[in-house]
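Asks: For chain A, the structure is supplied; the task is to place chain B on it using the hints.
Below, each chain spelled out in residue letters.
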Amino acid sequence: MLSGTGEGWLHATTSSVALCSGDVKALPTRGGAAPPSSRIPLSEYNNAPFVTTTSYTIFLTGVALEVCILWRLSRRQQWRQYFYFLFYVLYDFIVLDLILFGVWRFAPSLYRGFYWGSETISAALRFLVIWEVFRHTFPKGSALQQIASKGIGLVSLGLGLFSVSVFWSLDAYSRLHSPYAALERGFGFSQAVLILGILLMARYYGVQFGRNMWGVALGFGTYVSICVVNFAVIDLQHSFLPYWQALVPLSFNAMLAVWTWAVWTYAPNPPIVTANTAEQAAQLGWWTDHWNRMLSTVRRVVHS
Amino acid sequence: MSGLVLYAFLGLVLFLTFLVIGLRGARQAMPDSLSVTAVKQMVGLEGLSFTQLELVLDDSDYKLLRTHADLRGIANTLRKERQKLAILWIAMLVNDLKKLWRFRRFLVRRGVPAKFGEEVKIACVFLLSFLLLHLLELFIRCSGPFAIPGMARRANRLVEAMSYAPARVLSRIPSAGWAEIEQSWARSSA
Chain A
1 MLSGTGEGWL HATTSSVALC SGDVKALPTR GGAAPPSSRI PLSEYNNAPF
51 VTTTSYTIFL TGVALEVCIL WRLSRRQQWR QYFYFLFYVL YDFIVLDLIL
101 FGVWRFAPSL YRGFYWGSET ISAALRFLVI WEVFRHTFPK GSALQQIASK
151 GIGLVSLGLG LFSVSVFWSL DAYSRLHSPY AALERGFGFS QAVLILGILL
201 MARYYGVQFG RNMWGVALGF GTYVSICVVN FAVIDLQHSF LPYWQALVPL
251 SFNAMLAVWT WAVWTYAPNP PIVTANTAEQ AAQLGWWTDH WNRMLSTVRR
301 VVHS
Chain B
1 MSGLVLYAFL GLVLFLTFLV IGLRGARQAM PDSLSVTAVK QMVGLEGLSF
51 TQLELVLDDS DYKLLRTHAD LRGIANTLRK ERQKLAILWI AMLVNDLKKL
101 WRFRRFLVRR GVPAKFGEEV KIACVFLLSF LLLHLLELFI RCSGPFAIPG
151 MARRANRLVE AMSYAPARVL SRIPSAGWAE IEQSWARSSA
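First to last, the protein sequences are chains A and B.
Under the numbering used here, the first residue of the first sequence is numbered 1, with each subsequent residue one higher.
Under the numbering used here, the first residue of the second sequence is numbered 1, with each subsequent residue one higher.
These are calculated hints, taken from the structure and not from any lab test.
Take these hints with a grain of salt, some might be off.
To be verified - Computed spacing ranges between beta-carbons, pair by pair:
1. Gly141/A - Arg153/B: 33 to 41 Å
2. Gly141/A - Lys84/B: 37 to 45 Å
3. Val67/A - Leu12/B: 31 to 39 Å
4. Ser184/B - His290/A: 39 to 47 Å
Note that beta-carbon positions come from the ideal geometry of N, C-alpha and C, so glycine has one too.
Just chain B, with the same shape it has in the complex:
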């Protein structure tokens, strides 16, 4: 009896595991680093190029200042400043996200081959990321910059992943044509 229960349980676990794997989909090939860098250069991703994210989200100095009664005022000021910085960074990330999405549409409009399913998936990712970033902004406004560092890092990774979508499309055309695309993009976004 216990063997049968064990089999039924293990089978169920295996079934759910395969279901999760199936829903997550196959791992997609990373676009080559050259096209990722080219996209970052062309589009000018300010939020993603910000490297001091850990410093903004780190609350150790704030906690240290809070331990001294005389320095609590400074700690609060520091918290507010960090909060402003974090909100500014999120605004930059949202801007990056919009730019990336526009750039992708720009590439497809210019005739770069893309599939319908791929486009739908990217649109969904864009919408989800957009919602997540605004939710994050709301959290930071309500509970400060140190409340959800994990979520903030995830948001950064989401936008980073979003930058792969135009990079994948860009890698389908020869690098000799990238300069022309860059000029054309600059003209259209001006």
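Isolated chain A, as found in the complex:
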């Protein structure tokens, strides 16, 4: 469909449906959008029933899973606990599913711009999911939160600089077929590294995960890392575009399925048990003593 045949098809990106057609060379190289690039009448895409049916199935599955997540979060007022996560799911459901579908149906000329605008906002809102995982893993007031926030802050700064430099570099920008793909790559990479950093830091300090945040973090990390590969390969090799275009919505639905499993029962992270001050001082004293002994033994071994 992107080889210049002019055949149209129904394209589902994340949880939304878009129509695309045309030659990839026709896509603007700067400032323009990647698919969806144009719309075709309903009668034409009926010629490709497999793609249409698949796309509709993916779209409807995504909607059903999002409804499931929202329903489970509304039970026992879980949404209060996972407010930022809820906001992201709600945004995707209302804007990328309901409103976008309405735009595609009733105001097709606005579809392309609206799609990419809302998709970019959605990519930025994914940082809310990371923040949700972070604030539940390292709760406010805990000693770990101070260490973790500094570490994650430094990583974020590094990632921000890296993403901006790659985005503006000649290599990425001069051959760019879509700045949106570059944006998705940059955001996706930063988000995958951040969520992985939180998981590794939690593992390092032995912080326990509940089912809710474990599932959210794992599903999210897997999805955004697929996005990074996907949007890099899309710009690298266009002949694989149809397959890669199906991969993102499928992986998005897989993430939603993991999230549905995660929030099906209320299982928050167990609280971090902190020792009282006297106990902490005793433990720290014991540790310092043994650490010093170990260091002196190492020194003796090295010098002998």
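Replies: Chain B only, in chain A's frame:
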């Protein structure tokens, strides 16, 4: 171009990392030390309580004896003795493993709350550990006690981890009832 390749590569690495993390699962909470000790006392884990494992697996004295031509015979005897000890230790570990599994089933039979998924996971761990221990025994019989010390230590850790499963179940009931469980277990295993 190189930036895109870099992104594709890093994305793939990240994806595989998340896949591995997902397959390994979330870190489970360690049962409290009181219930672990109680399980060890009730079940009587001989293999796990053996503390001289490093001595059995250490080949430095064997190597030292081998350097002298006159002492090679003694070195070989030492190797055979260690081999017997290692096989005996593995047999004790297998016995511990079986006891732990039986004890877990005993606790669940008595009505201690447990989930189906948890039970399946423990059964799988038991089977894997059982196979690993027998494989280790085979290796030691074929290539001596010093061939795979890393694997032997891992086997010890596996059985140790297996002891956490009944400890987790035990910690779900008040410690006041543990004495009764111990008596009942002693009667059933007699």
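Asks: Hint by hint, say whether it matches the structure.
Replies: Each hint, compared with the structure:
1. Gly141/A - Arg153/B: 33 to 41 Å: holds, 40 Å
2. Gly141/A - Lys84/B: 37 to 45 Å: violated, 57 Å
3. Val67/A - Leu12/B: 31 to 39 Å: At roughly 32 Å between Cβ atoms, Leu12/B and Val67/A fall inside 31 to 39 Å, so the hint holds.
4. Ser184/B - His290/A: 39 to 47 Å: holds, 41 Å
Hint 2 alone, counting from the list given before, is not met by this structure.
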